[in-house]
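Visitor: Here are the chains, one letter per residue:
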Amino acid sequence: MALYLAETPGIPPAETVDGSVETRTPRRAVSSYLLIAPAVVWMTLFLVIPMAMIVYVSFWTQTTFKIEPILTLDSWETFFSSGTYVNSLWTTLRIWLIVLTATFVFGYPTALFVGLFVKNKTLQTTLLVLCVIPFWTSFLIRVLAWRPMLGKEGAINILLLKAGIVHQPIEALLFTDLSVVIGMTQIYVVFMVGPIAFMLGRIDPNILEAARDLGANFWQILRKIIFPLSLPGVVVGAMFVSVMVLGEFATSAALSGRKVNLLGNIIVTQVGSLKWALASVVGVILTIIMGLVIAGLLRIVDLKQEL
Amino acid sequence: MIESRVLKPALALYVVLFLLFLYGPFVVLGILSFQQGPEGGPQFPITQWSIFWYKHILGLAPPSRVSPLPIGISLVRSLTLAGLTMITSTVLGVMAAQAFRRNFRGKAAAFYLIVLGMIVPGVLVGLGSALVATTTGIERHWWSTAFATHVVYTLPFAFLVMLAIFNRFDASVEEASWSLGVPPARTFRKVTFPLIFPGVLSAMLFAFTLSYDEFARTLFSSGREQTLPLAIYATFSVEIHPNVFAFGVLTTLFSFALLAVYAILMSLSVRRAKQVAIQEAIQ
Numbered sequence: 001m002a003l004y005l006a007e008t009p010g011i012p013p014a015e016t017v018d019g020s021v022e023t024r025t026p027r028r029a030v031s032s033y034l035l036i037a038p039a040v041v042w043m044t045l046f047l048v049i050p051m052a053m054i055v056y057v058s059f060w061t062q063t064t065f066k067i068e069p070i071l072t073l074d075s076w077e078t079f080f081s082s083g084t085y086v087n088s089l090w091t092t093l094r095i096w097l098i099v100l101t102a103t104f105v106f107g108y109p110t111a112l113f114v115g116l117f118v119k120n121k122t123l124q125t126t127l128l129v130l131c132v133i134p135f136w137t138s139f140l141i142r143v144l145a146w147r148p149m150l151g152k153e154g155a156i157n158i159l160l161l162k163a164g165i166v167h168q169p170i171e172a173l174l175f176t177d178l179s180v181v182i183g184m185t186q187i188y189v190v191f192m193v194g195p196i197a198f199m200l201g202r203i204d205p206n207i208l209e210a211a212r213d214l215g216a217n218f219w220q221i222l223r224k225i226i227f228p229l230s231l232p233g234v235v236v237g238a239m240f241v242s243v244m245v246l247g248e249f250a251t252s253a254a255l256s257g258r259k260v261n262l263l264g265n266i267i268v269t270q271v272g273s274l275k276w277a278l279a280s281v282v283g284v285i286l287t288i289i290m291g292l293v294i295a296g297l298l299r300i301v302d303l304k305q306e307l
Numbered sequence: 001m002i003e004s005r006v007l008k009p010a011l012a013l014y015v016v017l018f019l020l021f022l023y024g025p026f027v028v029l030g031i032l033s034f035q036q037g038p039e040g041g042p043q044f045p046i047t048q049w050s051i052f053w054y055k056h057i058l059g060l061a062p063p064s065r066v067s068p069l070p071i072g073i074s075l076v077r078s079l080t081l082a083g084l085t086m087i088t089s090t091v092l093g094v095m096a097a098q099a100f101r102r103n104f105r106g107k108a109a110a111f112y113l114i115v116l117g118m119i120v121p122g123v124l125v126g127l128g129s130a131l132v133a134t135t136t137g138i139e140r141h142w143w144s145t146a147f148a149t150h151v152v153y154t155l156p157f158a159f160l161v162m163l164a165i166f167n168r169f170d171a172s173v174e175e176a177s178w179s180l181g182v183p184p185a186r187t188f189r190k191v192t193f194p195l196i197f198p199g200v201l202s203a204m205l206f207a208f209t210l211s212y213d214e215f216a217r218t219l220f221s222s223g224r225e226q227t228l229p230l231a232i233y234a235t236f237s238v239e240i241h242p243n244v245f246a247f248g249v250l251t252t253l254f255s256f257a258l259l260a261v262y263a264i265l266m267s268l269s270v271r272r273a274k275q276v277a278i279q280e281a282i283q
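As you go down the protein sequences, you meet chains A and B in turn.
Start counting the first sequence at 1; every next residue gets the next number (our numbering).
Start counting the second sequence at 1; every next residue gets the next number (our numbering).
Possibly wrong hints are sitting among the right ones.
Calculated lysine to any residue pairs in the SDA-like style (CA-CA distance at most 25 Å, straight line) [said to hold, decoys possible]:
1. Lys121(A) <-> Leu113(B)
2. Lys304(A) <-> Leu113(B)
3. Lys121(A) <-> Arg105(B)
Here are the simulated distance ranges between beta carbons [what the hints assert, rightly or not]:
4. Val166(A) <-> Ser67(B): 30 to 38 Å
5. Thr84(A) <-> Lys8(B): 45 to 53 Å
6. Arg189(B) <-> Ile288(A): 28 to 36 Å
7. Ala185(B) <-> Thr63(A): 33 to 41 Å
8. Leu123(A) <-> Ser67(B): 32 to 40 Å
9. Gly164(A) <-> Ser67(B): 36 to 44 Å
10. Lys107(B) <-> Arg202(A): 21 to 29 Å
11. Phe193(B) <-> Glu153(A): 39 to 47 Å
12. Leu79(B) <-> Leu292(A): 32 to 40 Å
Treat the hints as calculated values from the structure; they're not laboratory data.
Just so it is clear, CB atoms sit at the ideal spot from N, CA and C, and this is done for glycine as well.
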């Protein structure tokens, strides 16, 4: 085996029963490094270095159209002394919390039905596929699709007027916080449903039977058994949703009429006017928030153990 | 099972409403794409059903004050970029997952490094690569800087798919091949690759669709020439006409065509695997 390896170092043999011992031989390790190297180099060059660059440039000196590598705290001071920018930080956190809650509240019942109540595998798959199909439309088109829905002369207002529920069209539906939350919830809720349904599908029905036989009602079972067992799914879903919502700017740009400014929107505007240093400051702040959120979520459950 | 009599129908009804919420905007968008043009607006009511905006997309409509979407060339760019991204990230992903079949120093670090690519928000990756490009004087293009950031995003998906495939992979067939004297490279081509092919197809599908639709990463890193999502984004700032809706319907149909191709390839590869298995059983 070692001979073949010498001929083609790129293809290592599979693990043998005593593989853990054999892996310590240098040749095998070398072939592993050769295989992993391109991916690691790519990620270092095009992800780690750019991220480090954001941190570095946030301390550079910004003149009207240029940045110079003279270290300064100016851009940081600009950010924290401006009401607009600090507000966008709070807006981002507010929208994130609302959307996270909304995706959980609206997604959990669906996951419960798909993962636990549907016993037929085909129906289960069909329902999940139905949830995923919208993702085959361009993200931006999905955002844009809410405009004719929510507008003053939009579909929802027309339906409400025809049904006689309201007599005046509701104008608060479009170009407000609400429209941004509705749009983001629809786009990201599936990322909550998927992981939760997966965890629920793994619950042993005998446990639920046993609880029932011992006299627990459904709410007790849901609170004491189903929810705790689905928690890793909730955490994974929350991570997906958080990462995507925190980095958002397109939905808020399209559905709020530029009234809702997230940190992402600030970055886009600043880059648009070549204010690289300030954009970097916002980038660093966003990264820190993201890190805190992920670290916080990981404290809830030990994913490595659960999955 | 549990309180099924009331709860199950109630939840079923809820799921129907949920799906309505997911699909509602598309239905409205689809209906409005058949608005009469060029006067009918992107709202109800439909003044008259027509396919004017579809003709407008394809450049067949008479010139009007609504300028046509620049989709032709940007579609070609997006498809090319998605193809390049798909090949690169699948190859790198298969290689990385193959390396992960055995232990080596720094395995955990390499894992987190690769997975980081799907965690970091697109707007940050885009900003970072734009910074690197401007400060080093590299010109930004969709086929260079944007391509690099796309692979950063799709590689983790390809890698994780292949990792899952190799997890369930029975290595004894490879060992059988080596012990019969077949060199590893040939074994990989003739034994390993056919077995992991369904996974490779899935990785390719992931990479292609993610890249094809990628927007946040492309915005800062692609320079002047627009890809398709950037062309759509440009319409955000101007008045919306139903041509964007017609375009949405067309891209959705295109995605389904892509999905169909994937399904056909998948079922073909499964059938071939079955045939091989049957032949072996007969022999």
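Visitor: Evaluate each hint against the coordinates.
Guide: Each hint tested on the structure:
no. : hint                                : result
1   : Lys121(A) <-> Leu113(B)             : violated (36 Å)
2   : Lys304(A) <-> Leu113(B)             : holds (17 Å)
3   : Lys121(A) <-> Arg105(B)             : violated (41 Å)
4   : Val166(A) <-> Ser67(B): 30 to 38 Å  : holds (37 Å)
5   : Thr84(A) <-> Lys8(B): 45 to 53 Å    : holds (50 Å)
6   : Arg189(B) <-> Ile288(A): 28 to 36 Å : violated (47 Å)
7   : Ala185(B) <-> Thr63(A): 33 to 41 Å  : violated (56 Å)
8   : Leu123(A) <-> Ser67(B): 32 to 40 Å  : violated (47 Å)
9   : Gly164(A) <-> Ser67(B): 36 to 44 Å  : holds (41 Å)
10  : Lys107(B) <-> Arg202(A): 21 to 29 Å : holds (27 Å)
11  : Phe193(B) <-> Glu153(A): 39 to 47 Å : violated (56 Å)
12  : Leu79(B) <-> Leu292(A): 32 to 40 Å  : holds (39 Å)
Against the hints set out earlier in the document, violations occur for numbers 1, 3, 6, 7, 8 and 11.
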